[in-house]
Amino acid sequence: MSHDHSHDKAHDEGPPSEYEIMSRAMQELLVAKGVISAEQIRSRMEKFEQDFPYRGARVIAHAWADAAFKQRLLEDGKAACSEFGLDLEADRLIAVENTPQVHNVIVCTLCSCYPRALLGMPPTWYKSENYRRRVVREPRAVLKEFGTEIPDNVTVRVHDSNADMRYVVVPMRPKGTEGWSEQELAEIITRDTLVGVTLSKA
Amino acid sequence: MSEHTKQPHDMGGEAGGPIDTVDHGMKFWERQANALRNTLSRSKIVRLDEMRRAAEDLGARYYELEYFERTTHALRTVLLEKGYFTETELAAKMAEVRKRYDDA
Amino acid sequence: MTTPSAYTDAPTRRFSVGDRVVVKVSFPPGHRRTPHYIRGKRGVIERVCGAFPNPEELAYGFSGEPKRVLYRVRFKQLEVWPDYAGPDADWLELEIYEHWLEQA
Numbered sequence: 000m001s002h003d004h005s006h007d008k009a010h011d012e013g014p015p016s017e018y019e020i021m022s023r024a025m026q027e028l029l030v031a032k033g034v035i036s037a038e039q040i041r042s043r044m045e046k047f048e049q050d051f052p053y054r055g056a057r058v059i060a061h062a063w064a065d066a067a068f069k070q071r072l073l074e075d076g077k078a079a080c081s082e083f084g085l086d087l088e089a090d091r092l093i094a095v096e097n098t099p100q101v102h103n104v105i106v107c108t109l110c111s112c113y114p115r116a117l118l119g120m121p122p123t124w125y126k127s128e129n130y131r132r133r134v135v136r137e138p139r140a141v142l143k144e145f146g147t148e149i150p151d152n153v154t155v156r157v158h159d160s161n162a163d164m165r166y167v168v169v170p171m172r173p174k175g176t177e178g179w180s181e182q183e184l185a186e187i188i189t190r191d192t193l194v195g196v197t198l199s200k201a
Numbered sequence: 000m001s002e003h004t005k006q007p008h009d010m011g012g013e014a015g016g017p018i019d020t021v022d023h024g025m026k027f028w029e030r031q032a033n034a035l036r037n038t039l040s041r042s043k044i045v046r047l048d049e050m051r052r053a054a055e056d057l058g059a060r061y062y063e064l065e066y067f068e069r070t071t072h073a074l075r076t077v078l079l080e081k082g083y084f085t086e087t088e089l090a091a092k093m094a095e096v097r098k099r100y101d102d103a
Numbered sequence: 000m001t002t003p004s005a006y007t008d009a010p011t012r013r014f015s016v017g018d019r020v021v022v023k024v025s026f027p028p029g030h031r032r033t034p035h036y037i038r039g040k041r042g043v044i045e046r047v048c049g050a051f052p053n054p055e056e057l058a059y060g061f062s063g064e065p066k067r068v069l070y071r072v073r074f075k076q077l078e079v080w081p082d083y084a085g086p087d088a089d090w091l092e093l094e095i096y097e098h099w100l101e102q103a
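Chains as they are written, first to last, in numbering that gives the first Met the number 0: chain A, 0 to 201; chain B, 0 to 103; chain C, 0 to 103.
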């Protein structure tokens, strides 16, 4: 599975910011008052680091390998993931499929809604103001900044996850992967292809 | 069409500059802040909608803060509204936390 | 492109897949999940997402009941941005609550 954690910091350097102190203080007050436990925080951190980021590739690999599962995924993303053994928690998932005629790309212009229980935390570029401003209006130019060029005879569909649904792109399975196991397929499925800013390659 | 009520967060379609396409990941405190927010929303202590609203209410200050600063600010607003702690309690705890960092 | 089946069942709803709709032009203050850029634009119902508590009320601590029907609406990019610099066939799709939609 291609997911690079090398940019996540294990320990923060330098003095803490006002907001870091604020967050820590709120957490400690709530734990002291018995509203939450330190164990809950630790457990969620672990889920976000060790579980969620690896799920998307496995689901898409399974969809590539099993056409009937792919169809169920496209019809009801959450139910299909549940069938696959993954509880997406609060995420109501819509999977959108790339085809030779259509390319999909996802954004949340109003904040940063993202299928966290399927993909983990969104990348910094997804939350950035320039992505949120521009991708709904000039998606092809934005995709070029990611090194992705979509020909004019392919429709670009931009999905703004502005309300209660969450989205994942089902990329096209690259040529040259015939006969690969799901594990081998999962290894070439990157997070960026599941948001739609890059194309899958073998 | 009236523009006067558009808040900074409602930015779809605005002109923007180049995108930093590198994922810079998250600092430790940001991951912990995310876990805090997530724990609270899963327990239904706060609602995501309330936190979004509190972040949006930053108005002109929206762009002064980074993403996790905004979400922390929003969480503070909502928890104060709901009476989980007072401003005095929070200030005191923040001073204590700050001192711990300074002494370390 | 296949028309997706209804994502979850909505109790009573005004619109069905394929209906032509227009997003209301209105600028109420407070938390809304209908971006400014889509207000007044015409599109087609792409799917019925289901019925959810109204986020505009949840944001302020209300129950958000009775639930409101949420639709995914497909817009042509050229309809949304008259100066859109891409092919006619490009689309922009958003989720719009029923109370923000009118028949086109």
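Keep in mind that the hints were calculated from the coordinates and are not lab data. Treat the hints loosely; a few may be bogus.
Not the full set, but computed from the structure, chain A residues with beta-carbon under 8 Å of chain C [stated by the list, open to error]:
id	residue
1	MET44
2	HIS158
3	ASP159
Quick list of simulated restraints, FRET-style, between CB atoms [to be verified]:
id	chain 1	residue 1	chain 2	residue 2	range
4	C	ALA88	B	PHE27	44 to 50 Å
5	A	GLN100	C	THR11	33 to 39 Å
6	A	VAL34	C	ASP18	27 to 33 Å
A virtual CB, placed ideally from N, CA and C, is assigned to each residue, including glycine.
Would you check whether ASP159 of chain A satisfies its interface hint, that is, whether its CB is within less than 8 Å of any CB in chain C?
-> Nearest chain C Cβ about 5 Å off; hint holds.
Cβ-Cβ distance between ALA88 of chain C and PHE27 of chain B: within 44 to 50 Å?
-> holds, 45 Å
Should the hint that HIS158 of chain A touches chain C count as held when the rule is a Cβ pair under 8 Å?
-> holds, 5 Å
Given a hinted range of 33 to 39 Å, is it respected by the beta-carbon distance of GLN100 of chain A and THR11 of chain C?
-> holds, 35 Å
Satisfaction of the MET44 of chain A interface hint, Cβ to chain C closer than 8 Å = violated, 26 Å
Given the range 27 to 33 Å, decide if the beta-carbon distance of VAL34 of chain A to ASP18 of chain C lies inside it.
-> violated, 46 Å
Comparing the model with each earlier hint shows violations of hints 1, 6; every other hint is respected.
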